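Each protein sequence line maps, in turn, to chains A and B. In the numbering used here, each residue carries its 1-based index in the first sequence increased by 1087. In the numbering used here, each residue carries its 1-based index in the second sequence increased by 41.
It should be emphasised that the hints constitute simulated quantities derived from the structure, not laboratory data. Since we're looking at a predicted model, the values are computed, not measured. Positions of the beta carbon are idealized from the N, C-alpha and C atoms, including for glycine.
Pairwise CB distance ranges (calculated):
1) 84/B / 1173/A: 33 to 43 Å
2) 231/B / 1252/A: 43 to 53 Å
3) 1216/A / 145/B: 26 to 36 Å
4) 238/B / 1159/A: 44 to 54 Å
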Amino acid sequence: MNHQNHDGVGPDRGRDADRDEFGEEAFDEAAFEADFGAGLLEEELRQAAAILDPVPAELRQLALEAYALHDLDARIAELTFDSLVDAIPVRGATDPPRMLTFRAGELTVDVEVTGEGLMGQVLPPQSARIEVLGGPQAAAPVPVDDMGRFMSDTPPAGPFALRLRAGGDVIVTEWLRA
Amino acid sequence: MRSGTAPSTAYDDRPYTRGEAVDRAEVGVLVQSAVDGDAAAWKALVEGLSPLVWSVVRAHRLSDADGHEVYQTVWFRFAQNLGRIREPEKAGSWLASTARHECLKVIRSLTRLMPTDDPQVLDRVSEDRTPEQTLIDSEEAAAEAERIRRLWQEFEELGERCRQLLRVLMASPPPSYVDVSAALGIAVGSIGPLRQRCLRRLKARLEARGAL
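Just chain A, same shape as in the assembly (with noise of 0.2 Å):
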């Protein structure tokens, strides 16, 4: 990530593709950079972000961390349905259940998130080990019975996924937030 623009302050930054398509337009903010420098006012701005609006540290530590979530050898079964996105929400409710549904080729896992916890059921039902993951060092087993249902009475705090070993496979459900 050294690419370093002509002055620093330039829109040099991809923006090539623009020009081509949008002459004009591209006439027109090379006009406006030597009018009153945009580009500088935009740079007074980065830096001002960094010192007003920075990254805190403990969120660039935990995205470093999250490396280790890296696992090839897992499969991630992706979320297919989402009832915060998919549906129409019910008149009168106030607090709703969060109803997910996760899928890896044949293997589904709906899950059922609410203030006091998480529930669910692996498809089609199997004995299965199950764990919740909080983030890159948080894992926390949850008791599975014969037929792939889960209960735990711990509701995710923040981020959350589940970690399947069912039938010699890993798998990973998508991380999202509770």
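Mind docking chain B on chain A? Use the hints.
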């Protein structure tokens, strides 16, 4: 506004704050190296792209708690999908667009939107002693801090559309228009003209306040 030939020495040692753009080819190489187990490559990706993710979060005015969770979710999911990202050189756009979608989900989940009118943001120069501010100890630096505070205040009071666009554009290093498009869901071709209008408006506000 001070001239471009006299950058503030106080902030010169901050990485990525001066005109470096994220090089897409390099991002592609870093993603591939990280997939192959190179932790330093991952670190470089975090250093180079985390301000973009944070800018997208801040552009959507989430509460601090929600914003922090979105930021984490985005990076956890990026790590999880690292080896499966189809166009590694577009990792910046992938992150920006994932951040946007998570932000929109949060906004949808709230019965009413609570904008982050965090008064601390404006007071940070004078109160919080972050590492940056320990550098601000001379009178000259205090004047500089005041100038930056006024600039930020005028920026915060811009209309929502301009505030959002500029908050993403000011990520460091500067995001490409393709990444900005992914971050805000607006066409690449309209970013340039919008940017012009918003910066012009900001400049007019600063001039009206005698802050330039």
